[in-house]
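Use the sequences and the hints to build the structure in full.
So the chains spell out like this:
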Amino acid sequence: MKLQVTNSPFTQEQADLLNRLLPTFSESQKVWLSGYLAASQHVSVPGASEAAEVQFPSEQTISKEVTILYGSQTGNAQGVAETGGKMLEGRGFQVNVLSMNDFKPNQIKKIQNLLIVVSTHGEGDPPDNALSFHEFLHGKRAPKLEELRFSVLSLGDSSYEHFCQTGKEFDQALEELGGTRLYPRVDCDLDYDEPAAEWFEGVLGGLNEPQRGNAAPSQATVPQTGETEYSRTNPFHAEILETINLNGRGSNKETTHLELSLEESGLTFEPGDSLGIYPENDPSLVELLLEEMNWDPEEIVTVNKQGDVRSLKEALISSFEITVLTKPLLEKAAHLSENKELRELLSPGSEERLKEYLEGRDLLDLLRDFGPWGVSPQEFISILRKMPARLYSIASSLSANPDEVHLTIGALRYESHGRERKGVCSILCAERLQPGDTLPVFIQHNQNFKLPKNPDTPIIMVGPGTGIAPFRSFLQEREEMGAEGKSWLFFGDQHFVSDFLYQTEWQKWLKNGVLTKMDVAFSRDTSEKIYVQHRMLEHSKELFEWLQEGAVFYVCGDEKKMAHDVHSTLLEIIEKEGNMSREKAEDYLAGMQQQKRYQRDVY
Amino acid sequence: MVNRILKAPDGPPSDVERIKEESNYLRGTLAESMLEPISSGIPDDDNRLMKHHGSYLQDNRDLRNERQKKKLEPAYQFMLRLRLPGGVATPAQWLVMDELARKNGNGTLKLTTRMTFQMHGILKWNMKKTIQEIHASLLDTIAACGDVNRNVMCNPNPYQSEIHSEVYEWSKRLSDYLLPRTRAYHELWLDEEKVAATPEVEEVEPMYGPLYLPRKFKIGIAVPPSNDIDVFSQDLGFIAIIEDGKLVGFNVAIGGGMGMSHGDKTTYPQLARVIGFCRPDQILDLAEKVITIQRDYGNRSKRKNARFKYTVDRLGLETVKAELENRLGWSLEVEKPFHFNDNGDRYGWVQGVQGNWHYTLFIEGGRIADFDNYKLKTGLREIAKIHTGDFRLTANQNLIIANISSEKKKEISELMEHYGLTDGKHHSALRRSSMACVALPTCGLAMAEAERYLPVLIDKIEAIVDENGLRNEEITIRMTGCPNGCARHALGEIGFIGKAPGKYNMYLGAAFDGSRLSKMYRENIGEEEILSELRVLLSSYAKDRQEGEHFGDFVIRTGVVKEVTDGTNFHD
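The listed protein sequences derive, respectively, from chains W and E. Position 503, counted from 1, in the first sequence is what the UniProt record's numbering calls 503; the numbers after and before it change by one each time, with no gaps. Position 111, counted from 1, in the second sequence is what the UniProt record's numbering calls 111; the numbers after and before it change by one each time, with no gaps.
Among the clues, some could well be false.
What the hints assert, rightly or not - Partial pick of chain W residues on the chain E-facing surface, computed with a CB cut under 10 Å:
no.	residue
1	433
2	506
3	518
Said to hold, decoys possible - For lysine-lysine, the following DSSO-like pairs were computed, each having C-alpha atoms within a straight-line distance of at most 27 Å:
no.	chain 1	residue 1	chain 2	residue 2
4	W	517	E	69
5	W	140	E	71
6	E	124	W	511
7	E	128	W	529
8	E	71	W	422
9	W	511	W	486
10	W	511	E	69
11	W	109	E	71
12	E	129	W	529
13	W	109	E	321
14	E	69	W	140
15	E	425	W	517
Hint data in this document are derived by calculation from the structure and do not stem from the laboratory. No residue lacks a Cβ here, since even glycine has one placed at the ideal position from N, Cα and C.
As structure tokens, then:
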């Protein structure tokens, strides 16, 4: 329900703010907030005019928190950052010194005092561990930083043409994003110790000056698009922010990591939910269809009952399904062709042959195999199915990445009946989409795949291949919540070197404790094929202990091959470690299912 | 007592000293790190220790940024370097190396500038098996890197066979005598059971002690008139003295080393200086005492200034000599006269005194691989299958097929011809006098290309050489990707040190026999400038050189660069 002045005690401004804020909350955050508000009722409720200032303190304050980000190739910048950080700590500041790589760029809005110590590498390039942050600040996702105070120390070697180039670029980017300099940038040559120390002294002076109050906190402007409710039937056209092929060189696979913007859509989701996408067909396949039938691509056709019209080519690309054959479709097609073979295929007794024919063939095969077709394009497309949406488990958390949704999509390519076939949506994402393009999307909520309400509950996640997607969302969410519960992830794919999806993210979470344990199985790295269920068995005792402690067990991914094996392995573990009969073990698992402690998102 | 006067530099110990101290004699947490399944890398601390086991973690830098975008960790892989005193390997050992490179490495072998094999691209999970197979072939990787005595070099000169085999034996004895004694290597890689009771500290590493050396330590033995092993680049160099066809002993030179850091004038390349003469049976004792001086007085605070050369220069050559004689309890004799002709290799066929044949192959960049039109690796494998002599890796990254019996000579010649293996005579003498370190993409220190780029650069320099009629003029040319100097750039008549992708510092004026350092001529220049400088220099060399004058001497005589008389004035 949207809050309005008419259905709540709030002013328009408050309602707008709340409407903007509430959808971003996870369930647990909402619970926490209601408790917090209830408990603090004896405190006077801030007046409406102050509401905005809660976010933007306008008093003359000296923030004692300082973040120092370094980008270092050889360790010099890191050393300078750490030494300077200690000095500032000695002067009473709370200092957080981080490699730019370990810093989540979207946290930058939360920072008031930012110090950058960065070297320049090669021909004016940022050091490796500064690359992504550098790119972020120069990219379209860089936020406005009007609240930020900053200063830059650049290290370099003046014998190079682009002396301290990276430091200069950071300095300029932060200024352009609205930040205020605490102290002017200093560019150091090889003998950097003294100028670096002077810079820190200068910065210290700057930090001790009262923060420039943002006199008129910018009125929180609320997008006026709130009226439109996007849904399955009215999909939101989400802009692509990024597409990355997650697989390294030499891989047999191509897995697209897709980041979409939900800005101004009002769409919200929780970890475990899916995103629906209405894809477009491959234009080259449509081309072949048009050629086969000798149809005019520009002929105008009606595509739905509402009477919407578009060109035939457009209609075949975006309105209809052309890659899957069904019995009803063949039956309808049989009325449009004189072909005897088609009739025979549909006659009683040919069911097996029909089934075989339908598998791995598409509309182009049908048109080629069973002509001649004496029909108009309009007649023909009226027998086709509407383009169905594809659902993908969401791979991000809204609280970790506000206004964004991420997906993990495995490209599907195979050869069948002498022609290369391509997954409609996966290949669209892998081959044709560019940042800036849009995709029609909607949220598909899934109440059967949810993090436990209690953040202390242990979770076990099994997600080989693209089945990993929702667990990235889970861990992002748990990190944001500060959840304390243990977590254990099983992942598998073909090769360690090229197919370890989101490897650096799991490594980071293992390091900071958001992820407790991880086991991996790479089936093609060893002579015997090792899969996730084998890793589960290797740890059967511990796994059962986790279950006994109340852990929730999640499985996501391929149903036929993987989820089935994981299920029977889970039974085997319960049987063995719990000293149970097969029947008892099945009861145990059924009990887990009833308590929502065994959840699956399989396809 | 001399000991009271001498002091190691002040300052807190460097981080590596802490790592060694906490490592329990080079074990650290390597056993666990090598099994950790989520990363194919290992933590930095363990990597520091790993070096002492002959290996370190690298990554394919060509892929670094691409993989970071893909949320994949760097393409971590291990470099594995063998201990191969004197550079001698049997055909059976050659075949093992060939197979391991194919099976567990990146398919190629690198012959290093210190006469040993290096393999790249080994994944963490394959390291143990690889080391075990090397061990089974009676080789090992102990102390091939790290703060210990490194691979002992020795002139592989096959034509003075008797002297060579004697000198080679000494290099092996030195190598064995100076090995670390910890059992860490055997426990970690060869599954040796741990000894239950920890022996007393002194018993574990009687010479090195628990902290090992402040930095690496290099020893080489030259047999005049060839200085192919660049004896003056060694921390401790021995110059064989031959009288009446017999080895009478060695001149001893101390305090050489190539490495330096850009922009830090407290670092510089330096040449070892001869301090006297000793008998062959004295060199183990002597090497041990030199090493203990460095152990006790080397700089453990700043690794950049930790090599023995800085210890010698800080304490003074005479002081170090006195301290050495004090520790030895005997005095060095006066140095004997010697003469070096050059620091390169002699290519092609040569017959040794015992009638066996030797063939020195030109191996560009020391890289043994199968190239598109040149199946070098396959050819050598086929030769190794029938060869009854041995293989010798030279200090200039070339390969000698040595001790070919007269019966096998025809067969091996035919194989060489079939696979196009040659002495490189069809190349310019300049190319055959070239040397490059590995650099990109695997070396973590490299600032610019070396091995992949030098051949391309030489293609262009050869055009200039030809224009000036210098095709048969041997001019040593060396390129390293960083100032650490694996290719001994400071002893090349033309030397390059990488500064940034495509940019090099250019050095000139080293002596052809490796007895004088080069001087910086141009800083931070690209290919175009390199070529235009060389065009001017080589054409004036062709016109104005004196009879028999080498390029390195010419540029000094004509004042192109100032002569470097000592490493301490390298930067002046």
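Q. What hints, given by number in increasing order, does this structure fail?
A. Numbers 1, 13 and 15 - these are the hints that the structure violates, sorted from lowest upward.
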